[in-house]
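Peer 1: Kindly produce the complete structure, drawing on both the sequences and the hints.
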Amino acid sequence: MAAIIEKIITTDEIKTDEYLVNIGPQHPSTHGVLRLLTKLEGEIVHNVEPHIGYIHSGIEKMTEALSYPQIVHLTDRMDYLSAHMNNEAVCLCVENALQVEVPERVKYIRTIFDELQRLASHQLWWCASGMDLGALTAFFYGLRDREDILDIFEETCGARLTLNYSVPGGVMFDIHPNFQKNVKAFITKFRKKLPEYDKLLTDNIIFQNRTKGIGILSKEDAIAYGVTGPSGRASGFSCDVRKHHPYSAYPYIKFDEKMGTEGDSFTRWKLRMDEMWESMNIIEQLIDNIPEGDFAVKMKGVIKLPEGEFYQRVETARGEFGVYIVSDGKKNPYRVKFRSPGFSNLFTINHIAKGWKIADLVAIMATFDLVIPDIDR
Amino acid sequence: MGITSKKEFEKNDFPILESYEGGSIILTQLDALVNWARSNSVWPLTFGTRCCAIEFMAVGASRHDMARFGYEVARATPRQADMIIISGSINYKMAPVLRRLYDQIADPKYVIAMGACAVSGGPFYYNSYSIVKGADHVIPVDIYVPGCPPRPEALLYAFLQLQKKIKREKNFKNKIQK
Numbered sequence: 098m099a100a101i102i103e104k105i106i107t108t109d110e111i112k113t114d115e116y117l118v119n120i121g122p123q124h125p126s127t128h129g130v131l132r133l134l135t136k137l138e139g140e141i142v143h144n145v146e147p148h149i150g151y152i153h154s155g156i157e158k159m160t161e162a163l164s165y166p167q168i169v170h171l172t173d174r175m176d177y178l179s180a181h182m183n184n185e186a187v188c189l190c191v192e193n194a195l196q197v198e199v200p201e202r203v204k205y206i207r208t209i210f211d212e213l214q215r216l217a218s219h220q221l222w223w224c225a226s227g228m229d230l231g232a233l234t235a236f237f238y239g240l241r242d243r244e245d246i247l248d249i250f251e252e253t254c255g256a257r258l259t260l261n262y263s264v265p266g267g268v269m270f271d272i273h274p275n276f277q278k279n280v281k282a283f284i285t286k287f288r289k290k291l292p293e294y295d296k297l298l299t300d301n302i303i304f305q306n307r308t309k310g311i312g313i314l315s316k317e318d319a320i321a322y323g324v325t326g327p328s329g330r331a332s333g334f335s336c337d338v339r340k341h342h343p344y345s346a347y348p349y350i351k352f353d354e355k356m357g358t359e360g361d362s363f364t365r366w367k368l369r370m371d372e373m374w375e376s377m378n379i380i381e382q383l384i385d386n387i388p389e390g391d392f393a394v395k396m397k398g399v400i401k402l403p404e405g406e407f408y409q410r411v412e413t414a415r416g417e418f419g420v421y422i423v424s425d426g427k428k429n430p431y432r433v434k435f436r437s438p439g440f441s442n443l444f445t446i447n448h449i450a451k452g453w454k455i456a457d458l459v460a461i462m463a464t465f466d467l468v469i470p471d472i473d474r
Numbered sequence: 398m399g400i401t402s403k404k405e406f407e408k409n410d411f412p413i414l415e416s417y418e419g420g421s422i423i424l425t426q427l428d429a430l431v432n433w434a435r436s437n438s439v440w441p442l443t444f445g446t447r448c449c450a451i452e453f454m455a456v457g458a459s460r461h462d463m464a465r466f467g468y469e470v471a472r473a474t475p476r477q478a479d480m481i482i483i484s485g486s487i488n489y490k491m492a493p494v495l496r497r498l499y500d501q502i503a504d505p506k507y508v509i510a511m512g513a514c515a516v517s518g519g520p521f522y523y524n525s526y527s528i529v530k531g532a533d534h535v536i537p538v539d540i541y542v543p544g545c546p547p548r549p550e551a552l553l554y555a556f557l558q559l560q561k562k563i564k565r566e567k568n569f570k571n572k573i574q575k
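Which chain is which? The protein sequence lines are H and P, in order.
The numbering of the first sequence is our numbering, which starts it at 98 and goes up by one.
The numbering of the second sequence is our numbering, which starts it at 398 and goes up by one.
You can trust all of the hints, since none of them are fake.
No farther apart than 20 Å at their CA atoms in a straight line, the calculated lysine to aspartate or glutamate pairs in the EDC-like style are these: (1) 530(P) / 157(H); (2) 427(H) / 161(H); (3) 136(H) / 146(H); (4) 286(H) / 375(H); (5) 401(H) / 425(H); (6) 136(H) / 115(H); (7) 290(H) / 381(H); (8) 490(P) / 157(H); (9) 490(P) / 146(H).
To list a few chain H residues with every Cβ distance to chain P over 10 Å, as calculated: (10) 196; (11) 232; (12) 407; (13) 410; (14) 448.
Partial pick of chain H residues on the chain P-facing surface, computed with a CB cut under 8 Å: (15) 122; (16) 130; (17) 150; (18) 151; (19) 155; (20) 158; (21) 159; (22) 174; (23) 177; (24) 236; (25) 240; (26) 241; (27) 257; (28) 258; (29) 470.
Worth flagging that the hints you see were computed from the coordinates, not collected in a lab.
What you are looking at is a predicted structure, and each value in this text was computed from that prediction instead of being measured.
Note that CB positions come from ideal geometry on N, CA and C, so glycine has one too.
Peer 2: The following block contains the structure:
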């Protein structure tokens, strides 16, 4: 028996046929209802074909029958982990089209909310991808700290996840009197908690072996596929919208665009961890300097955009999110197109995962931080 | 003995403990015993479609901790699960998949429709061409939880309501009476 096994191990005689494995639509590591048609030979991935549309809800078509303030409320159902950035993108687009200058206070509040939302999103990404790689403890650590941010959101605008806080012309309510105090308390607390995250996973040798040098995306490919956000920056593609096309209060502050060079799963992981530190720096610069003033400008009851085409991009937690509005001068848009970062990021997966093992496919998907309703819209 | 009439026997869901010399005896109905066990170990399927799935994760995590009610073991395969939480909208491409998942769960099985999308289509009720207007068009639903998304407390309340519902089930009573 031992001789037979030895023969099997030492010779290449055993060849398996290629076979197809359906990952999803109901699968815990796809973070939603994505289906990956995977062609395997043994454990080696030969081809990955993502099938989307299992959560398609036709938001772009729906917007054609809605007024502009109503569209805002649909956008946070797309990328629900970057709900405020999505709201802000539509609001900025409408404001730019009408050439409305919002008060300084609004810009500061929006930027602080952006960064808090980015922190919350990265925490959830950290715990979900930790869970994908087999570290269930990460799940409990990440969601424990995330609840603190959600409490801050809830105090100001009443919602935990789908904020609906931005409206064209400003924000819906003024910030809660405790807002600044609570945010500062959270940052002091989270600065102590974040090294725990590193200790738990980033420094873990098992984790490093599963991610280092795996799933490499080169800079050229990142640009060719349009990969943006932390995934693109990990490949050395400088694509931070906050830096290159600053909006809201980003021109007033100093922050680094975190960059990586190697483009493997571990770099993507490390970059998001670094971004959490940077987000806290940004919030600390802004939180004490929120200027006094109105929290919104008075807009007309019925908002009508002038005829033309308008585009606005923002940096969500996953990359560049764009809103393209074509208006024919009526109260409803003629056509709306959303450029979602997840869509471009997902379709690199065939290029990256080819030749790696199926367990690496899960690690690659985890470090790309996919949100499926953002891809399907 | 504590029970004197049939009517009184039906009323007694709770076990009766009687002490005798050398030990105690618990008297209860078989239904009550089975339902007690079932209602405290309902395993949900890890199935999430939209934002409500994040709140479902929050319920499973540290602060809200659904393990307190016996719901903690989320299973990735329907064959090991007892319950589906439909957390998010279901569209026409997903509906057959959901039906298949439901059919694969072994009886007894329960369904919670979480959030406005699963209850009625929610924000996608008007103008959307692809969303099923309520998951109960596809599979039978036991508990509806409104909200967009519902707070974790609302989902915990739904869990408690589901436990109440399970405890009222009659599994053996009719067979014995025949």
